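Please take these sequences and the hints and turn them into a complete structure.
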Amino acid sequence: MPKDQGLVSWKELAPGMFILEPGNSVKFKTGDWRTYRPVLDKEKCIKCGMCYAICPDLCYKKDEGGYYIVNLYYCKGCGLCAKHCPKGAITMVLEED
Amino acid sequence: MGKVIAKEVSIAIAEAVAQCKVDVISAYPITPQTHIVEHLAELVNNGELDAEYIPVESEHAAMSACIGASATGVRTFTSTSSQGLLLMYENLFIASAFRLPVVMVIANRSISAPISIWNDHSDVMTMRDSGWIQTFAENGQEAVDLVYHAYRVAEKALFPVALNIDGFTLSHVIEPIELLDQELVDKYVPPLRMKYKLDPKKPISMGAIGVPEIYTEAKKAQDKALKASYRIIMNAWKEFEKLTGRRYQPIESYKMEDAEVTLIIMGSLAGTAMDAVDLLRKKGKKVGLIRIRLWRPFPLKDFLRAIGKVRAIGVVDRAVSHGSTGGPVGIEVRSALYQSNKRPKVVNFVAGLSGRDVTVEDFVELFEKTYEAISKKPRFSYEIYGVKE
Ligand code: SF4
Ligand code: SF4
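Just so you know, the sequences run in chain order A and B.
Going by our numbering, 10 is the number at position 22 of the first sequence; the sequence numbering is gapless.
Going by our numbering, 116 is the number at position 114 of the second sequence; the sequence numbering is gapless.
If you are wondering where the hints come from, they were derived from the structure by calculation, not from laboratory data.
Any given hint might turn out to be false.
Below 27 Å or equal to it, Euclidean Cα-Cα: the simulated DSS-like pairs (lysine-lysine) are [to be verified]:
(1) B:K303 with A:K15
(2) B:K371 with B:K347
(3) B:K222 with A:K17
(4) B:K229 with A:K(-1)
(5) B:K226 with A:K(-1)
(6) B:K371 with A:K(-1)
(7) B:K199 with A:K15
(8) A:K(-1) with B:K222
(9) A:K(-1) with B:K347
(10) A:K(-1) with B:K303
(11) B:K221 with A:K15
Quick look at which bits of chain B chain A covers, simulated, 3 or more residues with Cβ under 8 Å [claimed, not checked]:
(12) 97 to 104
(13) 220 to 234
(14) 377 to 387
Incomplete in silico selection of chain A near chain B, CB under 10 Å [said to hold, decoys possible]:
(15) V(-4)
(16) E0
(17) L1
(18) G11
(19) N12
If you're wondering where the values come from, they're calculated on a predicted model, not measured in any experiment.
Think of the CB as a built atom: it goes at the ideal place given N, C-alpha and C, for glycine as much as any other residue.
Written out as structure tokens, the structure is:
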């Protein structure tokens, strides 16, 4: 049904479709159009942080062990992290596999 | 009441804008609008108006600056014509979708090519669907009164307002004009307080993406709000009448009570058309005139009421809608009538392009052509009138 496609009633929108709650873009799932997913090989990783710096969606977060772990809620699968990893520690793997 | 003084209409408009205590003016000079912003620049320069005057490099920037300033919650003004309006084009839609109360005066001028500095309505008709409130003035006093009205309405309805005055034939003429006393202006146009604005203490986001799941809802909300602005527009005119005694309505009717044929027009040609009505009335012809003052939102009910029981309507457009079934006003009128039980005959003329004179005799001829439509099926859906064959 087309009417089910709407996210929110037009009556609930602020004038100008302004967003009155700042910073709510963290809720926006950018990870749902991904085709390839980055997969990390910890064996090869030197914890340099290049993937963290290069990711346009700020998907990477350091864990206790110092590794950078991807948040797939946001990862759109652009492959930049894999391309720029100096050690080839990231492989892009087709989703649904 | 203020004093009635003979003034160039452009100068009077600038003074009315200054009386509204505008905060930011951003404009680029273009004929025939130039006198308006020139005079505002003078007022700022002389310290008579405490406003920021931003002399931008183009009209695109002028509208951008107005949008930016307005988004911070201050009162803005710009003015343009013809190519200048076209250069603003993409930003016009942003101003209205952002619900920003920018006020703009358009001294209407033809658009190129062929290049022309003279008057018709081809410039403003390109922004017909832009979501701006759009009004048309006939004379200098009305132009000034509609400036006050524009600020009052824009800031209550949260929509930008474009006030149209015919280039040269209205912008450059000297007329007796009464500017309101400052006290009255202050009352009618109180300080602007915008609920939503760019404020570091209370951050909001403007211009977020409209994904397919939200764009339709955003447009529905905007369209509803523009239609709802009608009440605000009406109330603002009622309030104005209380303060000044001058009465304005969305549709102006002249000798329509028993009219069987009417012409419909917008802008300053109405004066000449009224002379033609008087002339034909003396000969016993039951003719009248309708002038559309409020073009957007289109005042459908007022329009249907105004046409009364006419048998034929001649719509006089001042712009060509190339390849269409009529001029912009003609299309609007036919569409409005199609939904009602009233079905007078409608003929549509395009006249007065690029400042070409439309005389009393021309209007008499247009009335005669419209009369013919009662008994004969018109051979054309619109006619470009007065062309040398
Ligand atoms: S860029 Fe490669 S090596 Fe560097 S932290 Fe990321 S995965 Fe490890
Ligand atoms: S694939 Fe692109 S979006 Fe996903 S983590 Fe790597 S750089 Fe970020």
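Given E0 (chain A) as an interface hint, is the shortest Cβ-Cβ distance to chain B below 10 Å? At 8 Å from the nearest chain B Cβ, E0 (chain A) passes the 10 Å test, so the hint holds.
Given coverage of the segment 97 to 104 of chain B by chain A, checked by CB-CB distance under 8 Å (3 or more): holds (count 4)
K226 (chain B) and K(-1) (chain A): Cα distance at most 27 Å? holds (10 Å)
Taking 8 Å as the C-beta cutoff, is the stated coverage of the segment 377 to 387 of chain B by chain A satisfied by three or more residues? Result for this restraint: violated, n = 0.
Does the closest beta carbon of chain B sit nearer than 10 Å to the beta carbon of G11 (chain A)? Since the shortest Cβ distance to chain B is 8 Å, the answer is holds.
Let's test the interface hint: is any C-beta of chain B closer than 10 Å to that of V(-4) (chain A)? Because about 6 Å separates V(-4) (chain A) from the closest Cβ in chain B, which is inside the 10 Å limit, the hint holds.
Are the Cα positions of K(-1) (chain A) and K347 (chain B) separated by 27 Å at most? violated (40 Å)
Given the hinted pair K(-1) (chain A) and K222 (chain B), is their Cα-Cα distance within 27 Å? holds (9 Å)
When the least beta-carbon distance from N12 (chain A) to chain B is tested against 10 Å, hint result: Holds - the Cβ of N12 (chain A) comes within 10 Å of chain B, reaching about 8 Å at its closest.
Given the hinted pair K199 (chain B) and K15 (chain A), is their alpha-carbon gap at most 27 Å? Roughly 23 Å separates the two Cα atoms, so the pair holds.
Proposed proximity, K15 (chain A) with K303 (chain B) (alpha carbon, max 27 Å): Violated, at roughly 45 Å.
Starting from K221 (chain B), check that the Cα of K15 (chain A) is at most 27 Å away, please. Distance of about 23 Å is within 27 Å: holds.
In terms of the numbered hints stated before, the structure departs from hints 1, 6, 9, 14, listed from lowest to highest.
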